[in-house]
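Asker: Residue strings, one per chain:
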Amino acid sequence: MTTPVLEARGLVKRYGRVTALAGADLELLPGEILAVIGDNGAGKSSLIKALSGALVPDEGEILVDGQPVSFSSPIDARRAGIETVHQSLAVSPSLDIAANLFLGRERRRKGVLGTVFRMLDRAGMREEARRQLDALGIMTIQNPGQAVETLSGGQRQAVAVARAAAFGSRVVIMDEPTAALGVRESRAVLDLVLQVRDRGLPVILISHNMPHVFEVADRVHIQRLGRRKAVVDPKSISMSDAVAIMTGALEAP
Amino acid sequence: MSTTLSAKPSGNPPGAPEARRSPLTRLQHLLHAQATIGPAVVLLVAVIVFALLSDRFLTPGNISLIVQQVAVVGTLAVGQTIVILTAGIDLSCGAIMVLTSIVMAKVAADTGLPGVPALLLGFVVGTLCGLLNGVLVTRLKLPPFIVTLGTLNVFFALNLWYSSSATIRGTDMPKLLLWTGQTFTIGGTRITYGSIMMVLLVAAMAFALKNTAWGRHVYATGDDAEAARLSGIRTGRVLLGVYATAGLVYAVAAWILIGRIASASPQAGQLDNLDSITAVVIGGTSLFGGRGAIVGSLLGALIVGVFRNGLALAGVDVLWQTMAVGVLIIVAVSLDQWIRKVKP
Ligand SMILES: Nc1ncnc2c1ncn2[C@@H]1O[C@H](COP(=O)(O)OP(=O)(O)OP(=O)(O)O)[C@@H](O)[C@H]1O
Ligand SMILES: [Mg+2]
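These protein sequence lines map, in sequence, to chains V and H. The first sequence begins at 1 in the numbering used here and counts up one residue at a time. The second sequence begins at 1 in the numbering used here and counts up one residue at a time.
There's no promise every hint is true.
[Claimed, not checked] Where chain V lies over chain H, by a calculated footprint (3+ residues, C-beta under 8 Å): (1) 212-219; (2) 223-231.
[Said to hold, decoys possible] Between beta-carbon pairs, the in silico distance windows are: (3) V:117 - H:237: 35 to 45 Å; (4) V:215 - H:150: 50 to 60 Å; (5) V:10 - H:24: 21 to 31 Å; (6) V:182 - H:21: 21 to 31 Å; (7) V:135 - H:327: 46 to 56 Å; (8) V:142 - H:333: 43 to 53 Å; (9) H:142 - V:208: 45 to 55 Å; (10) V:116 - H:338: 35 to 45 Å; (11) H:237 - V:25: 31 to 41 Å.
Hints listed in this document are in silico derivations from the structure and should not be mistaken for laboratory results. We put the CB at the ideal spot given by N, CA and C, even for glycine.
Work the whole structure out from these sequences, hints included.
Answerer: Next comes the structure, spelled out in structure tokens:
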């Protein structure tokens, strides 16, 4: 059997009396799109937050390429090549689009301006930002120097998606990346997900949109009450059966 | 941060987007993009009005006096601005400054320590005081208002204890500590080295905020700390750095203060903490964090200085000067609220 690129074993996370994760497992295989579905509060976001270093689980382990890792901050996960679009988007409203794309990994100017004066290569980063956004074709950004707070909700989401897609080198995780998007923009994000997969990167896609999930996913992870209830093949199960497992109306196959 | 004026809501087709906006909305967008325009206009108008009211206002001597009066608060405002940009506030800045000035002067006066080490000692003390604020804010997760209200009292008490509530005369300390009050003359105008130091400090901090990754992280942390953390910024480290840097800046303010009053007094600068917050707020920096600029704070400090000086020259009672500053604060904060409601 192939080693999963990213694996979670028995993750537990409690918030006071609420148990967000009750021994959750997850396996992401090389080159696949793994969709994660589940009711509100099933622990989907908590699960991927643990995988992206945003929260430290109380119990359980995380493995990257079969090696146990312990992420104590999002920086650790980033270093391991894991990029995440969080449900909350995690963009800084008062910074511009280019600054957000490069947040936490700014590029400096060449020569003494960069080494001694620590000057940012603004022009270079804007240029690169424009290229990334154009390549995605998600939105018509007129100016990468525009503050993110002046963008619509969907455009902000596009910025967050572009950031993850541009910098992910091992895994890209997207928590409801199309939630605020229109039909055309959702289409573009789905195409992007496929594009990332075709680049050889596996993707974890969390979504409540079943037609989207069944269209792009190679496997579907069904999360229920803080645990993995089942992993199903979207080609051999109906949407309504998947939803029935998700809500507990049907036992896992 | 550096949104250009051409930023448009992308819902509008390119070419004719401005036509649909009322002049008021356009003003709102302009101020949103360039927060320092407001204070710059206010300062300009104030200068013109006071020049018309009094012939003495625009004389080189008077301008130089205003800048000297502003130098201490303007320097404190540099530290205060970076703290407020992180959505914090520093009530202890004046106390740190006074404690530092006493340490520099008294150690030198008591032990004969030369100027340079005495100054460096002061810088270390200021930085440590700031660092203490930072540690309390980040490790104990206490609100900055409460932390600095506490340390304000702690530092002030230490200052009274160490100085035995006695002023240290300028004649008892090394020349270097008084150097900031020395002047040089350009075109008949006497300028103190302290004023120059404030301007250089403003320029350096403006550069760092605008052109370095650290500056962006300061804005991002104040804007939305959780988003910044998820974006891979060590927000705790940013905050520690900001409070410690602010402490160092207050120590420079202490040096300027000694030069200004030609002594080190444990009772000096009692209200300078509030004055520095006033300068920052009038300068267009948002108390909610993530928005503003250092240059605005310098303009804010100058506005207060110009109002006080201009009204005094016009023969207006001090109480009306104070009221004018109060009105300015409320106008500035209301303006900030309005600007922050900008719609895409
Ligand atoms: N920071 C927190 N503090 C307290 N409880 C939390 C916190 N984060 C999550 N929870 C709880 O953990 C459970 C799982 O939340 P989680 O966000 O992982 O669900 P989800 O599957 O992503 O839901 P949704 O589809 O609504 O996004 C919920 O009951 C939630 O209330
Ligand atoms: Mg969620």
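Asker: Each hint needs a verdict: does it hold in this structure or not?
Answerer: Hints and how they fare:
{"no.": "1", "hint": "212-219", "result": "holds (count 6)"}
{"no.": "2", "hint": "223-231", "result": "holds (count 8)"}
{"no.": "3", "hint": "V:117 - H:237: 35 to 45 Å", "result": "violated, 21 Å"}
{"no.": "4", "hint": "V:215 - H:150: 50 to 60 Å", "result": "holds, 58 Å"}
{"no.": "5", "hint": "V:10 - H:24: 21 to 31 Å", "result": "violated, 58 Å"}
{"no.": "6", "hint": "V:182 - H:21: 21 to 31 Å", "result": "holds, 24 Å"}
{"no.": "7", "hint": "V:135 - H:327: 46 to 56 Å", "result": "holds, 52 Å"}
{"no.": "8", "hint": "V:142 - H:333: 43 to 53 Å", "result": "violated, 32 Å"}
{"no.": "9", "hint": "H:142 - V:208: 45 to 55 Å", "result": "violated, 39 Å"}
{"no.": "10", "hint": "V:116 - H:338: 35 to 45 Å", "result": "holds, 41 Å"}
{"no.": "11", "hint": "H:237 - V:25: 31 to 41 Å", "result": "holds, 34 Å"}
Checked against the numbered hints above, the structure breaks hints 3, 5, 8 and 9 and satisfies the rest.
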